[in-house]
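In order, the protein sequences belong to chains S and H.
Under the working numbering, think of the first position of the first sequence as 1088, with each following residue one higher.
Under the working numbering, think of the first position of the second sequence as 135, with each following residue one higher.
Rather than coming from a laboratory, the hints here were simulated on the basis of the structure.
Fair warning: there could be bad hints in the mix.
Computed spacing ranges between beta-carbons, pair by pair [as the list claims (entries may be wrong)]:
| # | chain 1 | residue 1 | chain 2 | residue 2 | range |
| --- | --- | --- | --- | --- | --- |
| 1 | H | Ser218 | S | Tyr1402 | 34 to 42 Å |
| 2 | H | Ala230 | S | Lys1109 | 43 to 51 Å |
| 3 | S | Pro1293 | H | Ala230 | 52 to 60 Å |
| 4 | S | Val1173 | H | Asp209 | 23 to 31 Å |
| 5 | S | Gly1234 | H | Ala228 | 37 to 45 Å |
| 6 | S | Asp1136 | H | Ala228 | 47 to 55 Å |
| 7 | H | Asp209 | S | Asp1367 | 25 to 33 Å |
| 8 | S | Lys1167 | H | Gly151 | 20 to 28 Å |
| 9 | H | Asp209 | S | Arg1312 | 55 to 63 Å |
| 10 | S | Ala1218 | H | Asn146 | 38 to 46 Å |
Quantities reported herein were computed from a predicted structural model and do not represent experimental measurements.
C-beta: ideal position from N, C-alpha, C; glycine also.
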Amino acid sequence: MSKVRVLAGTRKGAFILTSDGKRKNWEVSGPHFAGWEIYHLKGSPVNPDRLYASQCSGWFGQVIQRSEDGGQSWAPVGNKFAYDGVPGTHQWYDGTAHPWEFKRVWHLEPSLTDSETVYAGIEDAALFRSADGGGTWEELSGLREHGTGPKWQPGAGGMCLHTIILDRADPGRMYIAISAAGAFRSDDGGKSWKPINKGLVSNFMPDPTAEVGHCVHHIAMHPARPGVLFMQKHWDVMRSDDAGENWNEVSGNLPTDFGFVIDVHAHEPETLYVVPIKSDSEHFPPDGKLRVYRSRTGGNEWEPLTRGLPQSNCYVNVLRDAMAVDSLDECGVYFGTTGGQVYASADGGDNWAPIVRDLPAVLSVEVQTLA
Amino acid sequence: MIRVVMPYHLRNLARVGDEALVDVAEPVTVRRVLDALEARYPMLEGTIRDHVTHQRRPFLRFFACEEDLSHESPDAALPAAVASGKEPLLIIGAIAGG
């Protein structure tokens, strides 16, 4: 019997939610690391009981935790994220040069092929890799040093590298995204990088189509369609069919194209999910109605999914790493809110129910499909 | 033995009780106490002072014998009562946040 394990990072700890393949009855474990911010947890695709967690605090800094038993027990591993060489400066909010400073790990991406290798996306934006299960970390500095780094600037949440996508078909290819710099691609395993932002338009910039400076909120890719990327930008939902070389807007009939999350159905590479948020001034759903929008056409044509979601007086947000899909035959979709709910749909988004309602604000949601 | 009292979250991280005990040779200084603490509890590296610069994290302070020692040199000798184990070195987290 298949199982699913949902990993929720929150402002005050981590929670692990498990169910059988029916996804109706859930067991909740946690809080793990109570009182700490857990930006992200993720399991190794090679060894699903190996989990990594980013644990941080304004008082005590960054800790990385690792579990070998699916989250029942944890042990701290390496937390030294030292930039390669003298890191130089990026743009500060006021446009002045500001030195690169490590603040926290936003995202952990375990390798698709080696359980000892894991990548970390950090603030101030850089990409690190560990080849010893998180014991030691080395910057892949070709990203930060490829040339445009001095023009990168923080978004309101900080200058974070929040998206890391690995390509099973091409081990050398990686995509990452940074707020507010944009999307970047490597074709040589992270040694060299290029910006892939052609087609993005950001009206808050002096040059709205500049090579970098775009506030990309999240990118999703279906594993079977590695050249096709979907992006929720600060404003605009975008699509690329050529590995990020060119982007086209696919916001279509969305009620607002601002938002944070975007994900792809596990078995239908043209079925997408977003959660429209009213605006960058009002970080809550339009009209107080929490609606997931689904496109079955790879964008442009969207339908609201409301069954089981609050349709009045709902003013939560859904943050950029807080949506995931499982790979059961009937694809499950999951998302967490800043109000502490984790919602699940066991039928591709048609019907929703909360797994839990009253967690601390949810920062991230990942799901593992277990045999 | 030097007695070190840490904030709740660091005690949990290091899995110690009310106090951590470390051996430190004379002269007993903040730097040497932290070096010994991190050697015995490596998970504390980076949580009290920066990995690279060894600067104290801004929301932490060092108290002992009713004195705030946070702005003393990390190489200054700690009070004799701390060096003898009579009094603990207190690592205090700011009372702040939500």
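Now for the hints, and whether the structure bears them out:
1. In this structure, Ser218 (chain H) and Tyr1402 (chain S) break the distance hint of 34 to 42 Å, their C-beta atoms being roughly 58 Å apart.
2. Under the hint 43 to 51 Å, the C-beta atoms of Ala230 (chain H) and Lys1109 (chain S), about 45 Å apart, fit the expected range.
3. Checked against the hint of 52 to 60 Å, the pair Pro1293 (chain S) and Ala230 (chain H) fails, with Cβ atoms roughly 37 Å apart.
4. Under the hint 23 to 31 Å, the C-beta atoms of Val1173 (chain S) and Asp209 (chain H), about 26 Å apart, fit the expected range.
5. One distance hint, 37 to 45 Å for the beta-carbon pair Gly1234 (chain S) and Ala228 (chain H), holds here, with the actual separation near 40 Å.
6. A beta carbon spacing of about 37 Å between Asp1136 (chain S) and Ala228 (chain H) contradicts the range 47 to 55 Å that was offered as a hint.
7. Evaluation of the 25 to 33 Å hint for Asp209 (chain H) and Asp1367 (chain S) yields a failure: the beta carbon distance comes to about 49 Å.
8. The beta-carbon spacing between Lys1167 (chain S) and Gly151 (chain H), approximately 27 Å, falls within the hinted interval of 20 to 28 Å.
9. Restraint check, Asp209 (chain H) to Arg1312 (chain S): a C-beta distance of roughly 59 Å satisfies the suggested window 55 to 63 Å.
10. Between Ala1218 (chain S) and Asn146 (chain H), the C-beta spacing of about 29 Å breaks the proposed range 38 to 46 Å.
Violated hints for the displayed structure, listed by number in ascending order: 1, 3, 6, 7 and 10.
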